[in-house]
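Next come the chains, spelled out residue by residue.
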Amino acid sequence: MLIPSDLRIFGFIALTLLALVLVAWAILRRLGLDPVRLLDDREWLIASKLVGIGLLGLVLYQAAISLEFPAESFIYGRF
Amino acid sequence: MTSPSPSTTVRWHRVIGVIVLAALFAEGAARLAVYVWSGKSYRSLSPYVWSPYGLVRNNPRLTSPAFAIDKDGFHDVRNFSQRKPANTLRVILLGGSTLASGLQGNVWDVIPSTERVDSRSTIAQFLRDRLVADPALAGVDIEVINAAVNFNRIVEVSSAYLAEYVHWNPDFVIVAGNSNNFSTVMPRNSVRRRDFGIMTMHAWRGEFERIVNRNDLLSTFDNGMRALKDHSAAAGLGVKLLSKAIDTAFGRSAALAQRLEFAHQSTKAITPADWVEYDQYVDEYLGYARAMVALARHHRQDISFFWEHFLAHIGKMKPLTENEKKLFEANLGTSPELDAAFTLHARDRVADFCIRNDVPFLDPIERLKAHSGSVFIDYLHYTAEGNRFMAEFIYDQRREAFHRRAERIRAAGEPG
Numbered sequence: 000m001l002i003p004s005d006l007r008i009f010g011f012i013a014l015t016l017l018a019l020v021l022v023a024w025a026i027l028r029r030l031g032l033d034p035v036r037l038l039d040d041r042e043w044l045i046a047s048k049l050v051g052i053g054l055l056g057l058v059l060y061q062a063a064i065s066l067e068f069p070a071e072s073f074i075y076g077r078f
Numbered sequence: 000m001t002s003p004s005p006s007t008t009v010r011w012h013r014v015i016g017v018i019v020l021a022a023l024f025a026e027g028a029a030r031l032a033v034y035v036w037s038g039k040s041y042r043s044l045s046p047y048v049w050s051p052y053g054l055v056r057n058n059p060r061l062t063s064p065a066f067a068i069d070k071d072g073f074h075d076v077r078n079f080s081q082r083k084p085a086n087t088l089r090v091i092l093l094g095g096s097t098l099a100s101g102l103q104g105n106v107w108d109v110i111p112s113t114e115r116v117d118s119r120s121t122i123a124q125f126l127r128d129r130l131v132a133d134p135a136l137a138g139v140d141i142e143v144i145n146a147a148v149n150f151n152r153i154v155e156v157s158s159a160y161l162a163e164y165v166h167w168n169p170d171f172v173i174v175a176g177n178s179n180n181f182s183t184v185m186p187r188n189s190v191r192r193r194d195f196g197i198m199t200m201h202a203w204r205g206e207f208e209r210i211v212n213r214n215d216l217l218s219t220f221d222n223g224m225r226a227l228k229d230h231s232a233a234a235g236l237g238v239k240l241l242s243k244a245i246d247t248a249f250g251r252s253a254a255l256a257q258r259l260e261f262a263h264q265s266t267k268a269i270t271p272a273d274w275v276e277y278d279q280y281v282d283e284y285l286g287y288a289r290a291m292v293a294l295a296r297h298h299r300q301d302i303s304f305f306w307e308h309f310l311a312h313i314g315k316m317k318p319l320t321e322n323e324k325k326l327f328e329a330n331l332g333t334s335p336e337l338d339a340a341f342t343l344h345a346r347d348r349v350a351d352f353c354i355r356n357d358v359p360f361l362d363p364i365e366r367l368k369a370h371s372g373s374v375f376i377d378y379l380h381y382t383a384e385g386n387r388f389m390a391e392f393i394y395d396q397r398r399e400a401f402h403r404r405a406e407r408i409r410a411a412g413e414p415g
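As given, the protein sequences belong to chains A and B, one line each in that order. FYI, the numbering for the first sequence is 0 to 78, going by numbering that gives the first Met the number 0. FYI, the numbering for the second sequence is 0 to 415, going by numbering that gives the first Met the number 0.
Since the hints were made in silico from the structure, they are not lab data. Note that the structure is predicted; figures quoted are calculated from it, not measured. For every residue, glycine included, the Cβ atom is placed at its ideal position computed from N, Cα and C. Please note: incorrect hints may appear among the correct ones.
Said to hold, decoys possible - DSS-like cross-link-like pairs, simulated, lysine-lysine; straight-line CA separation at most 25 Å:
id, chain 1, residue 1, chain 2, residue 2
1, B, K39, B, K243
2, A, K48, B, K228
3, B, K368, B, K315
4, B, K239, B, K228
5, B, K70, B, K39
6, A, K48, B, K239
Claimed, not checked - Ranges of calculated distance between the beta carbons of each label pair, as one might list FRET restraints:
id, chain 1, residue 1, chain 2, residue 2, range
7, A, G53, B, G250, 20 to 30 Å
8, A, R29, B, Q103, 47 to 57 Å
9, A, A63, B, R289, 38 to 48 Å
10, A, W24, B, G104, 14 to 24 Å
11, A, V50, B, V76, 38 to 48 Å
12, B, R30, A, W24, 18 to 28 Å
13, A, L14, B, S371, 34 to 44 Å
14, B, E391, A, L49, 33 to 43 Å
15, B, Y34, A, A23, 10 to 20 Å
16, A, G56, B, G104, 25 to 35 Å
17, B, S371, A, A18, 44 to 54 Å
Hey, can you work out the whole structure from these sequences and the hints?
What follows is the structure, encoded as structure tokens:
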């Protein structure tokens, strides 16, 4: 169960990440580098698929653990 | 903004390079976020490590704004050495989440602003402060070690003490954690089935088997992920968030299935065990307690047992604060009278065991009945004020024993 402190932590981290991405993007543009042009459309698609496969693997892994050891068994968190 | 027209061949070095750069960027951002959140560099978000003695210990590498775990897994901001320094009176506290300033259950639904009690404000630190302030203990160094681990039962507490903590040479051993052994009504035939409380496998034992003993795909992948999480803040945070999201999704699915009556719902009321059967269960606890008392005596360590009460069981005895009233009403459960009857029966048996064996039994119930201040932060655990209250109680109960031991320590340290 997500508790308010979890939401605060993850919200804070998500905002930090977003802010850093925007700052880095602005700096690169200022330096005359356009990150979008690092790859062409097909390469961006391949990179997205690779990252997506990795994330899917992670979700499956975590789901397998959650199925094997349901959260309610671990009132103080998983090992 | 337009992308360049696709080239005929994929520039794999660029694709991999962009992914690596993105990962490094995420790692930097995650580390920065963890530092701002906790005030510490990222080391690990895993709360526990395995131990051969008592299953688990607190993870000394844990990164947390509230909890500080020392190099040996104790809840404290300072380190201790196993070899007790000369002229030192050492107290060790053994037990579960009550000593470890745990915080669990529906507390955030009832009082959303609740914050964790940090590792500077557990019973151990307040007891140390109280002992240091005692003029009768002047000239003797004081150490109070908080060796509690969440959800430790007497099985784990006794294993840890018998195999390890006895050799830290404490002068005083205070055993808590009864709430992880006695909390609810015991259903009939539980002893025959061995499916209740300390008769069952610890919940973390299954994870231990998967991570340590099994060699299947999930186990292998899990070991890799655990190593990655301990070296990458992005991985640690990502997996933490993912596991919470998936647990929440499974929880909501289960609730939905119940509501739609897809899942089997037992409507059979629990038939409680009779006292003869429940006494067999309590006897199992007392077997472990007896072993601890025997070893403590063998090593001339003063051992006592501290009793943790559930708010639901004593809420009508203690004058409650407004927050405690809300928590009491929200945590009555389905059978509060039966739960209280079973738990207090166990308390009486443990107290009787202590009396028969000349072991101090520290039950704060009388003190709680006269205390209108804040003690409970949730259904069981203590606020910072509650931790101080319990430390004062323990000090008052054992004051003469502390003084006597200090005299012996001083005498042993005197030259000639």
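How the hints compare with the structure:
1. Simply put, K39 (chain B) and K243 (chain B) have alpha-carbon atoms about 23 Å apart, close enough for the 25 Å limit, and the pair holds.
2. Distance check on the hinted pair: K48 (chain A) and K228 (chain B) sit about 23 Å apart at the alpha-carbon level, within 25 Å; holds.
3. This hinted pair checks out: K368 (chain B) and K315 (chain B) have alpha carbons roughly 9 Å apart, not beyond 25 Å.
4. Simply put, K239 (chain B) and K228 (chain B) have alpha-carbon atoms about 9 Å apart, close enough for the 25 Å limit, and the pair holds.
5. With a C-alpha separation of about 16 Å, the suggested pair K70 (chain B) and K39 (chain B) falls inside the 25 Å cut-off, and the hint holds.
6. Distance restraint check for K48 (chain A) and K239 (chain B): the Cα-Cα separation of roughly 23 Å lies within the 25 Å cut-off, and the hinted pair is therefore satisfied.
7. Taking 20 to 30 Å as the suggested C-beta distance range, the pair G53 (chain A) and G250 (chain B) conforms, at roughly 26 Å.
8. R29 (chain A) and Q103 (chain B) have their C-beta atoms about 49 Å apart, which keeps the hinted 47 to 57 Å range intact.
9. Separation of A63 (chain A) from R289 (chain B) is about 42 Å and conforms to the stated range, judged on CB atoms against 38 to 48 Å.
10. Roughly 43 Å separates the CB atoms of W24 (chain A) and G104 (chain B), a value that falls outside the hinted 14 to 24 Å.
11. Separated by about 40 Å at the C-beta atoms, V50 (chain A) and V76 (chain B) satisfy the suggested range of 38 to 48 Å.
12. For R30 (chain B) and W24 (chain A), the hinted distance range of 18 to 28 Å is satisfied, since their beta carbons lie about 20 Å from each other.
13. Taking the beta carbon of each, L14 (chain A) and S371 (chain B) are about 42 Å apart, inside 34 to 44 Å as hinted.
14. Here the CB-CB span from E391 (chain B) to L49 (chain A) is close to 60 Å, at odds with the stated 33 to 43 Å.
15. Between Y34 (chain B) and A23 (chain A) the beta carbon distance is about 18 Å. The supplied range of 10 to 20 Å therefore holds.
16. G56 (chain A) and G104 (chain B) have their C-beta atoms about 34 Å apart, which keeps the hinted 25 to 35 Å range intact.
17. Evaluation of the 44 to 54 Å hint for S371 (chain B) and A18 (chain A) yields a pass: the beta carbon distance comes to about 47 Å.
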